[in-house]
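Protein chains in written order, with the working numbering: chain S, 8 to 304; chain U, 8 to 304; chain V, 8 to 304.
FYI, nobody ran anything at the bench for these hints, they're computed from the structure.
Hints are supplied without guarantee of correctness; some may be wrong.
As the list makes no split between identical chains, a pair holds if one copy fits it or if it spans any two.
Said to hold, decoys possible - Mimicking SDA-like on lysine to any residue, the simulated pairs with C-alpha atoms at most 20 Å apart in a straight line are:
| id | residue 1 | residue 2 |
| --- | --- | --- |
| 1 | K210 | P172 |
| 2 | K242 | D176 |
| 3 | K242 | V259 |
All values reported here derive from a predicted model rather than from experimental measurement.
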Amino acid sequence: MPCDPLHSFSYRINIPQPGAFRHPARRKSAGGGESSSGPRPARHLHTFPGVIGLALIAILSDFGQTEYVGILRGVIQRLAPGTTVTDLYNEVRPQSIREGAWVLYTAYRYFPEDTIFLCVVDPGVGSDRQALAIRTRRYFFVGPDNGLLFPAVTEDGLKEAVQLPIPPDAAPTFHARDVFAPAAARLAAGTPMNELGPSAEIKARLRFHKKGREGEIVRVDRFGNIITNLPHIGKDSYHVIVEGYRRTLPFVRTYAEAPRGRLFVTEGSAGTLEISLRNRSAWSVMDVPLGSKITIE
Amino acid sequence: MPCDPLHSFSYRINIPQPGAFRHPARRKSAGGGESSSGPRPARHLHTFPGVIGLALIAILSDFGQTEYVGILRGVIQRLAPGTTVTDLYNEVRPQSIREGAWVLYTAYRYFPEDTIFLCVVDPGVGSDRQALAIRTRRYFFVGPDNGLLFPAVTEDGLKEAVQLPIPPDAAPTFHARDVFAPAAARLAAGTPMNELGPSAEIKARLRFHKKGREGEIVRVDRFGNIITNLPHIGKDSYHVIVEGYRRTLPFVRTYAEAPRGRLFVTEGSAGTLEISLRNRSAWSVMDVPLGSKITIE
Amino acid sequence: MPCDPLHSFSYRINIPQPGAFRHPARRKSAGGGESSSGPRPARHLHTFPGVIGLALIAILSDFGQTEYVGILRGVIQRLAPGTTVTDLYNEVRPQSIREGAWVLYTAYRYFPEDTIFLCVVDPGVGSDRQALAIRTRRYFFVGPDNGLLFPAVTEDGLKEAVQLPIPPDAAPTFHARDVFAPAAARLAAGTPMNELGPSAEIKARLRFHKKGREGEIVRVDRFGNIITNLPHIGKDSYHVIVEGYRRTLPFVRTYAEAPRGRLFVTEGSAGTLEISLRNRSAWSVMDVPLGSKITIE
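The following block holds chain S by itself, in its conformation from the complex:
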């Protein structure tokens, strides 16, 4: 009696060992950091699109807790049933490409290889900015070509970028639903990059300012912490120069050790310096614009 594992359209699932998942697009790359030995179960993804739960899509947007994110989830499940969809962050300040780029840059590395980041902070939606799908050394990124993806893509190592076509019936205010989510879902279902669109150059090259100990204020978080892109260099106190301010602030390791009623410097979870105030918003007493140059030395 024959033993046919594909009998009656059923299918044996591969064990998703950490790092074992490989998108078919990987097969094109000549090395690039991936191990070349061992099982490559992702070929099944290519053959049988939509296999349950092997692909992971993480959403970053400025949509807040709206139904717009819910609709993206619906679109993805329709095109790639069973894909795990997770929210990275949807509370980017509306249209703040810079904040979105910083959060993506500091967070992407904690996700498993081959995660597909669906990123939408897109003030130019409906204009002629490109829509992109990008493969890097270890990940995929889908979103507008406005700088949002650039710091993460550059750090991880660009391998391939394609321009997503805009269907004629796409809503001019909602490419997230009609362009980006479908592209992310197709990647999740195993579609090769080159079937998503023609090869493209990334145009918008957002870089965070950094020159020695001069960096920038990349973000103010919801607690009012003023976050920079400057790393801790082991000092007990720092000279801080930004806009009209010029101060010496103590460095403390944890909030529990922080002085009361006085600004201090600490190392945030992204490994960079932050200016904080215990139980209050530092930004409410040190009113500097997002994006300002700042020196901490």
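Place chains U and V on chain S using the hints.
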């Protein structure tokens, strides 16, 4: 040597090809738009409740980001382990059946067939309003009989409605947990509709006002956009008549093209006209009640 | 021809029947409420970590809708691919251990057995408070030893607690990412408790005050309802004594029956008494501190 695919209680998973999932309830229906050929793997759902990840439940509620939604997720995972549970939208204005109905009506179509919509905007919880589970041509809807489900159900095509019994120990303020989530989970696990309760008539028949070019304000979103149920008819400018207002406003295709400091009309992602103000809330300068009749021609 | 179910690294998935999932740690326990007969498919979890979707992690935190929760989800998917991760509640008032403990205590019971609760309300992060993983009769809890887990753990029945080591490179402000999420993920992937750390004693023993009909205000929810830990005892009206207030308030069963403009008492979804005001915040007119002792008789 026998090859028993069900040996040791393991199970071969079906490939969830787009559209391949079919709830057992479909077997009752005589056609109704479903293809009748091809594999019908959902029979396994019936035989083995709770098969991983084949069913999708989408939640719409006015619970906000509370633990009430978290508890619904727990209840579902307890009764139908592995079901994919996704948030459609939980920020409906508290008790606004009308807003909930509009969001559901405009969003349900983006979800895969057989999605189970668990919908709770329920000011009458604990009263004698019916609790319903509904099967339409392509979807399932579970929620109170107060109009919330009606526009979506009517558009997709009602096939079958049953009345969910209220267990004597159900919390009178939380039928979401004790009545609706269990019903949605049982559908996800393959329970046939007629085991959920006796056949029922839908009583609350909410309809959005529309008579020629007179419609209604169906929603004000969190950005202050005033959303109507009137479609775009290709004009460059529109006469808007609502409450005391009577104005001519330009139509713009994308926010990027919008004038500064002046109200304009655009086509929202649901395909209907919205009144907007660039970088500000249109509602803050055009203070009309939700539900008002409005003419845009 | 041999029929090898593990050929080519594929794997047959077990049917996750309700209650069928068993973490390997259960094998140590001598009874304790678990049924000892029937299939125990979780042994596969032990052998093949990361099998899709069998384990469930529920997150409770005071992170709000930040990327911090998104990063936890990424860490979990990296270490235990395919794990179902769900939000229980992330809007605990910042650093309010007491509110977090109450929500966890009232909500955990609605989740399936073997759910892993990843709980982070952690004002002492970076100090010398212990980091714990706990197995109870039916669940797992991971979080700081500051009282947050204690009421739920005590009620369900403590079986085993281990102290999680803090890696030298853990961010002192983000143990959630570097200590707790990895531990929860390892449990999800089938790692036995005793491989997570040495056996530990729980130190912080938070208890909600309750002595006859004197209890405490355990929470004020986002609607301004004042929630106590006192059960309903069937009365039509209650004498309420708290701080300077001493009143008799009517009991109503549902919000729909509530009087307008007058405080009333109702039974909340957790089965305890709440003081409410229809369509308004009761807390805005009865300004009592969270944690106050209150008598309702």
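Here's how the hints hold up against the structure:
Only within a single protomer do K210 and P172 lie at most 20 Å apart by alpha-carbon distance; the minimum there is 16 Å, versus 46 Å between protomers. Proximity of K242 and D176 under a CA criterion of 20 Å is satisfied inter-copy only: 18 Å between copies versus 57 Å inside one chain copy. Proximity of K242 and V259 under a CA criterion of 20 Å is satisfied intra-copy only: 10 Å inside one chain copy versus 54 Å between copies.
Violated hints are absent here; each numbered hint is respected by the structure.
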